[in-house]
Every structure is written in C-alpha cells, then in structure tokens.
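**Student:** Sequence:
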Amino acid sequence: MAAVKTKNTGRKKPGNPYLSVLLPVYNEEESLDLQYKAVINALAGLKKSFEIIFVNDGSTDRSAGILRSIAAADKRVKVVNFRRNFGQTAAMAAGIDYSSGEVLVFMDSDLQNEPGDIMKLLDKIEEGYDVVSGWRKNRQDKLISRKIPSRIANRLISRVTGVPLHDLGCSLKAYRGDVLRQVNLYGEMHRFIPVHASWIGARITEVPVGHHARQFGQSKYGIKRTFKVLLDLVTVKFMGSYSTKPIYVFGGTGFIALLLACVSGVAVIAMKIINNTDMTGNPFFMLTILLIIMGILFLQMGILAEIMIRTYHESQKMPPYKVKETLNMDRK
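Residues 0 to 331 (numbering that gives the first Met the number 0) make up the sequence shown, in order.
Hints were generated in silico from the structure; no laboratory data involved.
Check the hints yourself; a few may be wrong.
Claimed, not checked - For lysine to any residue, the following SDA-like pairs were computed, each having C-alpha atoms within a straight-line distance of at most 20 Å:
(1) Lys323 to Arg158
(2) Lys123 to Leu42
(3) Lys136 to Glu113
(4) Lys47 to Arg83
(5) Lys271 to Ile288
(6) Lys136 to Pro148
(7) Lys119 to Gly14
(8) Lys47 to Lys136
(9) Lys271 to Phe284
(10) Lys323 to Arg67
(11) Lys74 to Asn15
(12) Lys321 to Arg83
(13) Lys244 to Ile302
(14) Lys36 to Lys119
(15) Lys74 to Glu113
(16) Lys74 to Leu326
Claimed, not checked - Ranges of calculated distance between the beta carbons of each label pair, as one might list FRET restraints:
(17) Lys321 to Leu289: 45 to 55 Å
(18) Ile199 to Leu155: 16 to 26 Å
(19) Gly161 to Asn84: 30 to 40 Å
(20) Arg83 to Leu33: 24 to 34 Å
(21) Asn84 to Asp177: 29 to 39 Å
(22) Ile295 to Met270: 23 to 33 Å
(23) Pro282 to Thr59: 53 to 63 Å
(24) Ala269 to Gly161: 37 to 47 Å
(25) Arg150 to Asn275: 38 to 48 Å
(26) Asn183 to Met278: 44 to 54 Å
(27) Glu126 to His211: 22 to 32 Å
C-beta: ideal position from N, C-alpha, C; glycine also.
Generate the whole structure from the sequences, applying the supplied hints.
**Tutor:** And the structure:
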C-alpha cells in the first residue's frame, strides 16, 4: 500500500491559526451550509484563531459550488477540490497537508457529529494529551448494519492493537499537529490513525460526544465495511509488529514448514523400514515435498519483503490524490 507523507512540517509559524477543523466532503450538498454555520457557532467562544478546511473528494453533486460560495464569504474557510473521488483517507491526508493549525480536529460534514463537542476535545488537548478521540455513546445509527458490527470491530481492534478506545470509527477526533504530521496513512487506514499515533508515543484519551441521525442523503458505508476493517486490521498489526522485520513472519513460517517436512519425511522412511510401504505412493511423501517447497518459498518471500521494506523506508512517497483547485490557500 502506498503511504502518504504530509508536506506540512507542523512547525509553528507567526500567523498560523491555533486550530484547523478538517471536513472531508463527498456529495453532501444539503448539509454543507448548515455544517459550516454549526462549526462557526461552536467556535464563537474560542479566543484563538482557527481555519476550516473542506476537502471535496470529487463530489458529483453541487458540493463544489456551495463550498466556493462559502469560501468567498469567509476567508477563514479553505477548500481543496479533488479532480475525482480518491477516498476518505486521501481526503484526510490532503486536509493534513494543507492545514497549518497547531491542533487539528477532524469531523464529518453530514451533520451527524456535534460541533459543540470540539471544545471538549480542545480542553483535553490543553491537559496534555496528543490525541483525543470522540466516543459516540448514544450512536444514532441502525443497530444491525452499523452499531453491532462497529462494536465487534472496535473490541477486536482494541485487543489486537492494545489501544483501548471504544469508538475508533468516530470521525470526531483532535490531534496535536506535530504528532499527526509524523503519521503516514496507508490505503484506507484513516480509522487507525490513533493506533499509528500510539506507535510514536502519543498520549491518547477519549471523551463522550454527541451523535445525530443523518438528516440528508445516504450513508457512504454499509455492513461490507466491517470486512474491509478486518482486512485493514491484519495490515495494521503487521505494520506495527513486523514492518521493519518481515523476515520474522515469512521466515518463521518457512522454518515451521521445513520442520514439518522433516517430521513427515522421517515418517515416510519409518513406514518404509517397518512396513515396507511404497514411498512413491505414500501421501506423506507428497506432503513432505509440498512442505519443503512451501518452506523455501516463504523464506524467499521473507527476503523479498525485507528488500521491499528497505526500499519503502528510503523512497520518497507521493500523495494519493490530485488537486483540481484550492480556495483561500496561501500555498498550493
């Protein structure tokens, strides 16, 4: 999977805002104006500067035009328009790249997150935490297709990764910019950002947040997302435990296969000596050959994986999105 390296270094510069609110957008034309006003109202009491960045992920409705109007009326609103749909992880990566805030807050643009909870997240950041994750205790989604699969996935992810969060799927999260900009996003790994952050020593906590039923349009996710999360979890576990030593996984599997081949081979020889069993017709003989081939192949895969990992760490990664235009940005 291609990694996303952010362009923004995260260094605090004069004139940079304290807060960047990042909102990925995909076909949310009915919600955008209401979402913008809700965020502005929620930040009315914030005595520090802020920016709002909408990342339009190739919407096919009127979202681009609505965002253009909002940005024209308020210079604190910045817009990144993609050339086509690249996915939520790419949209979040672009938000990180084009943000300049000391603290970054992600939230959905479909009115399901409560903007008023941003202040709760910022309070925890001020207490010294690096990552503050929202927890939708009273989630307003369908029980069978959304809530139950999400609970199962969250418990499994927490157990496998060791990051004890109740709701990794909640989009409403706050990060210190200098921590988040050290995190590389892979494939569709946006839901695992707190896990990646924990690998570099970030302090993580969570707070209960509000959640509203969807008012407009349809959810972009279905129950099939659960299976994608499980596949991503395998990747996350591998990247966290073996990303710098893949030979341990593939080589270890290869040695086990060769060990079993030895056991099977000894059984074939014993059966020949004791019962005069024909070796060429013995299924254990075929199993021995198969295990030897598997063992050699896994060892070779481990060596190739080591080479790929070294190449990955030494190469310059390109962002997995193409920008059509930006609005109210000081830089491209």
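**Student:** Hint by hint, note whether the structure agrees.
**Tutor:** Hints, verified against the model:
Between Lys323 and Arg158 the alpha-carbon distance is near 41 Å, which puts this suggested pair outside the 20 Å criterion. For the hint linking Lys123 to Leu42, the alpha-carbon distance of about 16 Å falls within 20 Å, and the restraint holds. Our distance criterion of 20 Å between C-alpha atoms is met by Lys136 and Glu113, whose separation comes to about 13 Å. For the suggested pair Lys47 and Arg83, the alpha carbons sit about 34 Å apart, so the restraint of at most 20 Å is broken.
Annotation: proposed proximity of Lys271 to Ile288 holds, straight-line Cα distance about 16 Å (limit 20 Å). The hinted pair formed by Lys136 and Pro148 meets the criterion: a straight-line CA distance of about 15 Å does not exceed 20 Å. Among the hinted pairs, Lys119 with Gly14 is inconsistent with the structure: their alpha-carbon atoms are about 25 Å apart, more than 20 Å. At most 20 Å may separate the alpha-carbon atoms for a hinted pair to count; Lys47 and Lys136 exceed this at roughly 29 Å.
Proposed proximity of Lys271 and Phe284 is supported: the alpha carbons are some 11 Å apart, at most 20 Å. In summary, the hint linking Lys323 to Arg67 is supported, as the alpha carbons are separated by about 13 Å, within the 20 Å threshold. With a CA separation close to 14 Å, the supplied pair Lys74 and Asn15 stays within the 20 Å bound. Proximity of Lys321 to Arg83 is assessed by CA-CA distance (about 8 Å); at most 20 Å being required, the pair is judged to hold.
With a C-alpha separation of about 10 Å, the suggested pairing of Lys244 with Ile302 holds against the 20 Å cut-off. Only pairs whose Cα atoms come within 20 Å are accepted, and Lys36 paired with Lys119 is accepted, the gap being roughly 19 Å. Of the pairs offered as hints, the one joining Lys74 and Glu113 is violated, with about 23 Å between alpha carbons and a cut-off of 20 Å exceeded. A distance of roughly 9 Å separates the Cα atoms of Lys74 and Leu326; the hinted pair therefore holds under the 20 Å criterion.
Range check, Lys321 to Leu289: Cβ separation about 46 Å, and the 45 to 55 Å hint holds. A beta carbon spacing of about 23 Å between Ile199 and Leu155 agrees with the range 16 to 26 Å that was offered as a hint. At roughly 33 Å, the beta carbons of Gly161 and Asn84 sit within the given window of 30 to 40 Å. One distance hint, 24 to 34 Å for the beta-carbon pair Arg83 and Leu33, holds here, with the actual separation near 26 Å.
Remark: the range hint 29 to 39 Å for Asn84 to Asp177 is upheld by a beta-carbon distance near 30 Å. Between Ile295 and Met270 the beta carbon distance is about 24 Å. The supplied range of 23 to 33 Å therefore holds. Taking 53 to 63 Å as the suggested C-beta distance range, the pair Pro282 and Thr59 conforms, at roughly 57 Å. Between Ala269 and Gly161 the beta carbon distance is about 45 Å. The supplied range of 37 to 47 Å therefore holds.
At roughly 60 Å, the beta carbons of Arg150 and Asn275 sit outside the given window of 38 to 48 Å. With their beta carbons about 52 Å apart, Asn183 and Met278 fall inside the hinted range of 44 to 54 Å. Our hint of 22 to 32 Å for Glu126 and His211 holds, since their Cβ atoms are close to 27 Å apart.
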